[in-house]
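My numbering numbers the first residue of the sequence shown as 40 and each following residue consecutively.
Since the hints were made in silico from the structure, they are not lab data.
Where hints are given, some of them may not hold.
Simulated pairs of lysine to aspartate or glutamate, EDC-like, Cα-Cα distance not exceeding 20 angstroms [as the list claims (entries may be wrong)]:
1) Lys230 with Glu335
2) Lys198 with Glu274
3) Lys318 with Glu335
4) Lys195 with Glu274
5) Lys198 with Asp48
6) Lys96 with Asp235
7) Lys310 with Asp235
8) Lys273 with Glu335
9) Lys310 with Glu241
10) Lys273 with Asp48
Computed beta-carbon distance windows for the label pairs [to be verified]:
11) Gln49 with Glu237: 28 to 34 angstroms
12) Phe238 with Gly150: 30 to 36 angstroms
13) Trp215 with Leu369: 29 to 35 angstroms
Just so you know, even glycine gets a beta-carbon here, dropped at the ideal spot from N, CA and C.
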Amino acid sequence: MNLENNIIDQLSRNKLAICWLRNGVISLALAGVYSIILVMLRTPILVTLFPNTEIFKSALVIHVNLSILVWLISVTACIWSYNLQPTTSSITYVIIAFFGTALIALSPLCGQNLPVMNNYIPMLENIMFILGISLFGISVLLFSSNVILTTIKNLKSQKLINFTILSTAIMWILVWVCFICSYYQLQQVIKLVPVDIEFYYELLFWSGGHLLQFIYTQIMILVMIVLSNTWVNKELRFNKLYLILLYLNFLISIAAIWGHLSYDIIDAEFKEYYTKQMKYGGGIAPVLSLILIFYELVSHNHKLVVNSLIKASIICSSILFLSGGFIGVLITSMNVTVPAHYHGSIVGISVAFMGFSFLLCDNACNNEQKKNSYSSAAIITLTIGQMLHIIALLFAGGYGVMRKIPGVEMTISSKLLMGAMGGGGLIAIVGGLMFVVICGKKMVLRQFGIRDKKK
Numbered sequence: 040m041n042l043e044n045n046i047i048d049q050l051s052r053n054k055l056a057i058c059w060l061r062n063g064v065i066s067l068a069l070a071g072v073y074s075i076i077l078v079m080l081r082t083p084i085l086v087t088l089f090p091n092t093e094i095f096k097s098a099l100v101i102h103v104n105l106s107i108l109v110w111l112i113s114v115t116a117c118i119w120s121y122n123l124q125p126t127t128s129s130i131t132y133v134i135i136a137f138f139g140t141a142l143i144a145l146s147p148l149c150g151q152n153l154p155v156m157n158n159y160i161p162m163l164e165n166i167m168f169i170l171g172i173s174l175f176g177i178s179v180l181l182f183s184s185n186v187i188l189t190t191i192k193n194l195k196s197q198k199l200i201n202f203t204i205l206s207t208a209i210m211w212i213l214v215w216v217c218f219i220c221s222y223y224q225l226q227q228v229i230k231l232v233p234v235d236i237e238f239y240y241e242l243l244f245w246s247g248g249h250l251l252q253f254i255y256t257q258i259m260i261l262v263m264i265v266l267s268n269t270w271v272n273k274e275l276r277f278n279k280l281y282l283i284l285l286y287l288n289f290l291i292s293i294a295a296i297w298g299h300l301s302y303d304i305i306d307a308e309f310k311e312y313y314t315k316q317m318k319y320g321g322g323i324a325p326v327l328s329l330i331l332i333f334y335e336l337v338s339h340n341h342k343l344v345v346n347s348l349i350k351a352s353i354i355c356s357s358i359l360f361l362s363g364g365f366i367g368v369l370i371t372s373m374n375v376t377v378p379a380h381y382h383g384s385i386v387g388i389s390v391a392f393m394g395f396s397f398l399l400c401d402n403a404c405n406n407e408q409k410k411n412s413y414s415s416a417a418i419i420t421l422t423i424g425q426m427l428h429i430i431a432l433l434f435a436g437g438y439g440v441m442r443k444i445p446g447v448e449m450t451i452s453s454k455l456l457m458g459a460m461g462g463g464g465l466i467a468i469v470g471g472l473m474f475v476v477i478c479g480k481k482m483v484l485r486q487f488g489i490r491d492k493k494k
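Make a model of the complete structure from these sequences and hints.
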C-alpha cells in the first residue's frame, strides 16, 4: 500500500488525530498574536510604541512555547494517533492539552510576571503559566504511554511509520526522565548554595530540551518522506535506508541519558556534552535523509505529480532547515546569530509540518490536492519572510547586536539590519496567519461536513 495514502487517509478519518492537529493550529494562531509584539519591539521606531520593553521577554516566552513546543508536539501527537481510536480517555488527553495551551496563552494577564529567558522551554514565573505548560506536557506524556502499547503490536507492518511513532513516543518519555533527573540533582545543589532562577531553569531543561530537538527531526524525516511520496505518487526506493537513518537518529538521541549518568549537573562538562551531542549528532540523519529525498525527486523529475503545495513544502522546508544548520556552524558568541540559527532550523521543521497539515486537512475535506495555490502561497510567504529575518539577524550578529535585549543603542548599519529583520518577521507572520486561516477554515468545514470547492 502506498505510504502517503495509508497515513494521510487514516489520519484524516481519525477524529483523535484531527483534534490534536486542531490544538496545534490554535497554538500557532495564539503565537501569531505575540509574534507581532516581538517584531515591533525588535524594529527601530516601532519599539517606541512600547514604553515598557520588558513586555518583550514575556511575549517571547509565550511565543516560543506556543509556536514551537505546543505546535510541533501537537502535530507529533496527531501522527501518534495513527494506530489509535478516539476513545473517551484519548480525547480527554487532547482536551487537557487544549486547556494547558489556553492557560499558557492567557498567563501574561495573570498578575505578576517574571520572564525567565532560559533555552528550549523559557518560563514565566506565574502559577497560570506553570499550570498550563504542566497540563500540556503531562497530557502528552499520558497519551504517549497509550501510543507505545498500541504501536508495539503493529511494529511489523508499516515499519517506517510505526517505528517513527514508537521511537518518538519513547523519546518523549525520556525527555521527562531527563527533566526529573535534572530536578532532583538541582535540589541537591540548592541545599548547598543559592541558585539564580535563570541558571536553575537553564539546567532543568537543558538535557530534555536537547532531546526534544531529536523528536522534532525524527518526525520531520517521516513527514518529508510522506510529502515526497505524494509528489512521486509511488513508494520511494530508499525506504530501507530511511528506516536505518531513523534508527540512527533514535540511538543518538537516547544518548542524552548518558549525560546524567556521567556528569554532575553543575559541571561545565554536563552542558558541553549535550551541546556536542546536538552539534555532531543532531544533523546526521535529517541531512542524509534530505540528500536521499532530493536524489529520488531528481531521478523521478519527469514523473512528478503537479502539486505546487508539496513542491513548496519540500523545497522551502529544506532551504530553511539547512540554512539554520549552516548558520549554527558560524556561531561564535551569544548575539542574534543564535536565534538566526534556531529560527532557520526550527521553522524549517515547522514548514514541513505545515505542508503535512495542509495535506491532512485537504484529505479530511475530500478536496483535490493538485491545485492549492493559497496553501503554497502561505508556505512561500512564510519562507521568504523567515529567510529575510534570519539573514538580517545573521549579519546583525556580525555587528554585535545582542539577543533578547530590545531597544538598546545600535549603529546605523545595525538599525538597518534589524529593520530588515522586522520586515522579514512581519512577512513571515502574514504567511503564518495564512496557514492558520486556511487550515482553520478547512477544519470548520470538516466539522460541518461541507466540501470546500475553492482551490
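Give me the numbers of the hints this structure contradicts, sorted from smallest to largest. Failing hints, ascending: 1, 3, 11 and 12.
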